[in-house]
Amino acid sequence: MRLDAESDTYTESQIIMTTVRIVAPFALTYGLFLTFHGADTPGGSFQGGAIIGSTILMIAFAFGIEPTRDWLANRTVVALAAGGTAVFTIVGLIPMLYGDNFLAHPFFEEQWGIDTKWGLEAIEIGGVAPIVAGVVMGMFFVIAAGFVVEEVDVDD
Amino acid sequence: MSELFAGVLFAFVLAAALATAAFRDTLTVIVVFAAYSLGMALFYAFLLAPDVAMTEAAIGAGVTTLLLLLTLAKTVREDTDRLVERVNIPAVVVFGGLLVVMLATLGEFPAVGADDAMAWYNPEVTQHYIANAYDDTGVKNAVTAVLAGYRGFDTFGEAVVVFSAGVATLIVLNKEVFTRE
Chain A
1 MRLDAESDTY
11 TESQIIMTTV
21 RIVAPFALTY
31 GLFLTFHGAD
41 TPGGSFQGGA
51 IIGSTILMIA
61 FAFGIEPTRD
71 WLANRTVVAL
81 AAGGTAVFTI
91 VGLIPMLYGD
101 NFLAHPFFEE
111 QWGIDTKWGL
121 EAIEIGGVAP
131 IVAGVVMGMF
141 FVIAAGFVVE
151 EVDVDD
Chain B
157 MSELFAGVLF
167 AFVLAAALAT
177 AAFRDTLTVI
187 VVFAAYSLGM
197 ALFYAFLLAP
207 DVAMTEAAIG
217 AGVTTLLLLL
227 TLAKTVREDT
237 DRLVERVNIP
247 AVVVFGGLLV
257 VMLATLGEFP
267 AVGADDAMAW
277 YNPEVTQHYI
287 ANAYDDTGVK
297 NAVTAVLAGY
307 RGFDTFGEAV
317 VVFSAGVATL
327 IVLNKEVFTR
337 E
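From first to last, the protein sequence lines are chains A and B. Mapping of the first sequence onto the numbering used here: residues 1 to 156, in sequence order. Mapping of the second sequence onto the numbering used here: residues 157 to 337, in sequence order.
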């Protein structure tokens, strides 16, 4: 049994909207801080990405899921997850092109004088964080949309 | 003082876990489970594992709770007058057996911060990371150095698993969600 996908579970609440308006910027900043500063302080891009994703979930709960999904322009979420995986893969593959090992970060320092540190930062900030944020948002929106069970002929 | 804090926290987490199992109403269970996750997050922070604490707070208490609430809003909740679930005798027997086994192993665990903790069973590896992480990778957080540097290939696997799991969920549940204009 399934309720209508558009059935309104959203209730406009001044309290929730005001709270989220105040809390969301701080939560987003904290998520970004964990992501960008994860190399030097506790935390990291997984936690940061999860918190960035939760900020969007918070906004969706306060201001309605449909408007939030429209605002995110549909494909942004998938682009985040796919782009993160691509960045991670490409950063790993670059050393292989020059005959080094997969994800051999010291290669960048030996070859082009880029600190080893930036290889790690690239896969953390450009890879893991977008993947986690994208998947968290995607799971949320897909469950919020409801599951459309189509009538399918058994013979097909 | 810190032992008192740990004791109170332990009692809270235990009570929340039991309440999660006992309460009958699904909405109540979700809220109590979120409280349990929050307690566990504090516990991890208390045990000096801030990374795990942040993950537990964000994923366990935050995202999981929201996803469960959303699922509940999308489905039909059974109205009930009973506060607690009926006790299932076979389940209690199985759980009791498991509890006895787990309690039996508890004595073998080293104390928190003890010199003979598991981390020191393989000192060549752990000490190598602690001593060389900064020189090798240039990042000050040794956890990040291990995750993204030394064990980068494992992290790559995990990232791909998260991505594929997310994409698979989108495809299986409803492929139309993100194409709707």
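There could be a bad hint or two in this list.
[Unchecked claim] With beta-carbon atoms standing in for the labels, derived distance ranges: (1) A:Arg21 x B:Leu329: 24 to 32 angstroms; (2) B:Ala247 x A:Tyr98: 56 to 64 angstroms; (3) A:Ser13 x B:Asp271: 49 to 57 angstroms; (4) B:Ala270 x A:Trp71: 46 to 54 angstroms; (5) B:Leu255 x A:Arg75: 42 to 50 angstroms; (6) A:Gly99 x B:Thr231: 51 to 59 angstroms; (7) B:Val243 x A:Asp40: 45 to 53 angstroms.
[What the hints assert, rightly or not] Over the 10 angstroms line for every Cβ pair with chain B, so calculated as not near, a few chain A residues: (8) Glu12; (9) Ile51; (10) Phe63; (11) Val78; (12) Phe140.
Rather than coming from a laboratory, the hints here were simulated on the basis of the structure. This one's a predicted model, so the numbers in the text were calculated from it and none came from an experiment. Where a beta carbon is used, it is the ideal one built from N, C-alpha and C, also for glycine.
Now the hints, each set against the structure:
In this structure the hint that A:Arg21 and B:Leu329 lie 24 to 32 angstroms apart at CB holds, the actual value being about 31 angstroms. At roughly 58 angstroms, the beta-carbon separation of B:Ala247 and A:Tyr98 lies within the given 56 to 64 angstroms, and the hint holds. Evaluation of the 49 to 57 angstroms hint for A:Ser13 and B:Asp271 yields a pass: the beta carbon distance comes to about 54 angstroms. The hint said 46 to 54 angstroms for the Cβ distance between B:Ala270 and A:Trp71, and at roughly 52 angstroms that hint holds.
Range check, B:Leu255 to A:Arg75: Cβ separation about 49 angstroms, and the 42 to 50 angstroms hint holds. A hinted range of 51 to 59 angstroms holds for the C-beta pair A:Gly99 and B:Thr231, which are about 55 angstroms apart. Checking the proposed 45 to 53 angstroms range against B:Val243 and A:Asp40 shows it holds: the Cβ atoms sit about 51 angstroms from each other. Every Cβ of chain B is farther than 10 angstroms from the Cβ of A:Glu12; the closest lies at roughly 15 angstroms, confirming the non-interface assignment.
For A:Ile51, the non-interface assignment is contradicted: its Cβ lies about 5 angstroms from the closest Cβ of chain B, within the 10 angstroms cut-off. With a least CB separation of 15 angstroms from chain B, A:Phe63 remains clear of the 10 angstroms interface cut-off, as annotated. The beta carbon of A:Val78 is not kept farther than 10 angstroms from every beta carbon of chain B, the shortest such distance being approximately 6 angstroms. Consistency note on A:Phe140: stated as away from chain B, yet its beta-carbon is not over 10 angstroms from all of that chain's, at 7 angstroms minimum.
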